[in-house]
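J.: Once you have looked at the hints, place chain D on chain R.
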Amino acid sequence: MSNSMVVIDDLHKRFGDLEVLKGISLDIKKGEVVVILGPSGSGKSTILRCINRLEEPTGGRIFIDGEEITGRKADLNKMRQKVGMVFQQFNLFPHMTALGNVTLAPMKVQKKSKQEAEKIGLELLKKVGLSEKANSYPTQLSGGQQQRVAIARALAMRPDVMLFDEVTSALDPELVKEVLDVMKNLAMDGMTMIVVTHEMNFAKEVGDRIILIDGGVIVEQNTPDQFFTNPQHERTKKFLNMIKN
Amino acid sequence: MVPASAQASHSIPIIVENDWMSRMENSSVYLDGAFQGLTDNRGQFVVPDVSPGQHNITVTKDGYGSKTIDQIFNGTESLEFKLSAQKPANSVTIVALDARESRSKITGASVYVDGQFVGTTGTGDGGVTLSLSPGLHTVKISKDMLEDNTTRIDVVPGSTYVILMEGGARRYSILDGSLFIYSLSKEIIYGLVNTIKLSIVAYCIGICIGLLMGIGRTSSNRIIRVVASVYVEGVRGLPILLQLLFVNFGLPFLISDMTGQQFNIDAFTSCIIALSVNSGAYMGEIFKAGIEAVSKGQTEAARSLGLSQNQSMRYIILPQAIKIVLPALGNEFIALIKDSSIGLVISVTEVTMEAKLVGVEYYNTFTPLLAAGIIYLCITIPLGKAVQYMEKKYNIANTRTNGKAKKQKVKPLSEEFV
Chain R
1 MSNSMVVIDD LHKRFGDLEV LKGISLDIKK GEVVVILGPS GSGKSTILRC INRLEEPTGG
61 RIFIDGEEIT GRKADLNKMR QKVGMVFQQF NLFPHMTALG NVTLAPMKVQ KKSKQEAEKI
121 GLELLKKVGL SEKANSYPTQ LSGGQQQRVA IARALAMRPD VMLFDEVTSA LDPELVKEVL
181 DVMKNLAMDG MTMIVVTHEM NFAKEVGDRI ILIDGGVIVE QNTPDQFFTN PQHERTKKFL
241 NMIKN
Chain D
1 MVPASAQASH SIPIIVENDW MSRMENSSVY LDGAFQGLTD NRGQFVVPDV SPGQHNITVT
61 KDGYGSKTID QIFNGTESLE FKLSAQKPAN SVTIVALDAR ESRSKITGAS VYVDGQFVGT
121 TGTGDGGVTL SLSPGLHTVK ISKDMLEDNT TRIDVVPGST YVILMEGGAR RYSILDGSLF
181 IYSLSKEIIY GLVNTIKLSI VAYCIGICIG LLMGIGRTSS NRIIRVVASV YVEGVRGLPI
241 LLQLLFVNFG LPFLISDMTG QQFNIDAFTS CIIALSVNSG AYMGEIFKAG IEAVSKGQTE
301 AARSLGLSQN QSMRYIILPQ AIKIVLPALG NEFIALIKDS SIGLVISVTE VTMEAKLVGV
361 EYYNTFTPLL AAGIIYLCIT IPLGKAVQYM EKKYNIANTR TNGKAKKQKV KPLSEEFV
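If you're matching them up, the sequences are chains R and D in order.
Under my numbering, residue 245 is the last one in the first sequence; the count climbs by one each step, no gaps.
Under my numbering, residue 418 is the last one in the second sequence; the count climbs by one each step, no gaps.
Hints are computed from structural coordinates only; laboratory data are not their basis.
Bear in mind that the values here come from a model prediction, so they are computed numbers and not experimental data.
Any given hint could turn out to be false.
For lysine to any residue, the following SDA-like pairs were computed, each having C-alpha atoms within a straight-line distance of at most 25 Å [stated by the list, open to error]: (1) 82(R) / 392(D); (2) 112(R) / 308(D); (3) 114(R) / 313(D); (4) 82(R) / 300(D); (5) 30(R) / 153(D); (6) 392(D) / 96(R); (7) 108(R) / 308(D); (8) 108(R) / 392(D); (9) 323(D) / 82(R).
Isolated chain R, as found in the complex (with noise of 0.2 Å):
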């Protein structure tokens, strides 16, 4: 267990009458990069989601770094800050520079200077490949330039672990690689990663571990070798198909 960064225990989470989540259990090691596939409406982000609280899991319980995060006593703006999380919509605030973007959470939730915060996010900036950009505003930037600024923006906080919801499918082709070449190199660098994608190719490259997840429920979890090309369930080997077709 003590390697351990995620744990998350028997999730459940219900809508009204839909049950989203009917158990989930997973246990993510540290530097590990976890890919998750499904069908759309299979929970997928909504695991995602509750990783961080931005859902608040009807049963079930979630500790990152052996710290509990479910339950009333968990300090939501503390753990949130050890989870990095990237959007499909990016969600990058428009009456910000992409600095600014950067900056904000270091320097008002951390109290970080803003000189300390600036050094911080220039750097970050510079690795996800625009320095140059720093001053000009998201609708200034193109898609793959706005997602990379929102994965930034995310590791400013230096979390343990990064979640990334759909990040590429909002882009235009052209711009998913200079995406996904980011995400690989925050792999390489032994971050903690949970990716929800579409994109196959990367989940066999840059993938630990791969989970299917269908209606609520896990229904096969392996390396990517044996996944891709031995997969033992079913219905990964429909879902397999489908995605080939």
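T.: Chain D only, in chain R's frame:
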């Protein structure tokens, strides 16, 4: 020693009044020429130790002359003295009155006697008091915008003469230029200042109320949401005139009744309160719409970075919401300027009230109102244009721009189809 057989001396209460039955205080009282004392603030004094028999009692006061009563006193008397004010010799008062039924006093009219300026009406009792020898005199009275009146008066000293003044109806046609200019100047000098004061103060308070209500209406706390909703829905559902009357008359009455102490709010303050409360409700809806127009993803992104709910509202949601609602807030200010004319019903001197006053004063209810209309339009139309410009500007800023596109003028769609 008083002989035992003699009747005991007694005291005599006296009251001193003037011609108008007002009690006169500090009048000196003398008994047989010896000073006894002064009357109190109710004009009363009691002369002590008056032995039975004949005595004279004299009362005097500066400016009122004296009065003496000489009679036999035997113990049961009380006395009343009437003192008359002493007017200067040959004093005459000239008063100017409106020739119409109201017969209201006209102040500020110049009075000339035999071609010589002697004063302006309006001081003291509303007229001019001066010294005039008995006999025939020519009295001329004149006031800007009113017809001069010249009369010959056979002066009897001590009299008051009333001179009626005709208004401008006969002289000022419906579109008289000088009356128009006069109306404009009066409405701007006396009215516009208050109109602007009312609008700006009420606007600032309204924005604060509106911001609180807007945040309250979108709060996750149910109680706050209900309170804000009741305020907004309640105020928006009532006529603003009723709200004004409630603040100016209803509220003071209620508070006086509850506390048992006289409580008053002056008309100007009432007007500001009513306008602020009213526009606060409308601005609450504007801010609510603005906050809701900022996408939910913005809050989620902010919260996922560890910002608290308050921080998210302050740094992320409000800056975007305010930018969205800026044109609507501008329109609200224009509405407020127009709404401030309700001050008329509680006699706050703003532009509309002043227009009404000028109209009544000069028998012409068209020209002053026309002038007032033009004053309002001179403010509201340019402000409206500014709001339109703002709308356009922020529309551009919201679409994708780089330096070049920003400078381009964007034609409104309608122009392309002309």
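J.: Against each hint, give a clear statement of whether it holds in the structure.
T.: Status of each hint after checking the structure:
Distance check on the hinted pair: residue 82(R) and residue 392(D) sit about 42 Å apart at the alpha-carbon level, beyond 25 Å; violated. Between the alpha carbons of residue 112(R) and residue 308(D) the distance comes to roughly 16 Å, so the proposed pair stays at or under 25 Å and holds. Between residue 114(R) and residue 313(D), the direct Cα distance comes to roughly 21 Å. Compliance with the 25 Å bound is thereby established for this hinted pair. Between residue 82(R) and residue 300(D), the direct Cα distance comes to roughly 15 Å. Compliance with the 25 Å bound is thereby established for this hinted pair.
Of the supplied pair hints, the one linking residue 30(R) and residue 153(D) is violated, its CA atoms being roughly 113 Å apart against a limit of 25 Å. A threshold of 25 Å between alpha carbons decides the hint, and for residue 392(D) with residue 96(R) the separation of about 21 Å falls inside it, so the pair holds. Pair hint residue 108(R) plus residue 308(D) holds up; C-alpha atoms about 10 Å apart against a cutoff of 25 Å. The straight-line distance between the Cα atoms of residue 108(R) and residue 392(D) is roughly 33 Å, outside the 25 Å bound, and the hint therefore fails.
For the suggested pair residue 323(D) and residue 82(R), the alpha carbons sit about 32 Å apart, so the restraint of at most 25 Å is broken.
Taken one by one, the earlier hints fail for this structure at numbers 1, 5, 8, 9, listed in ascending order.
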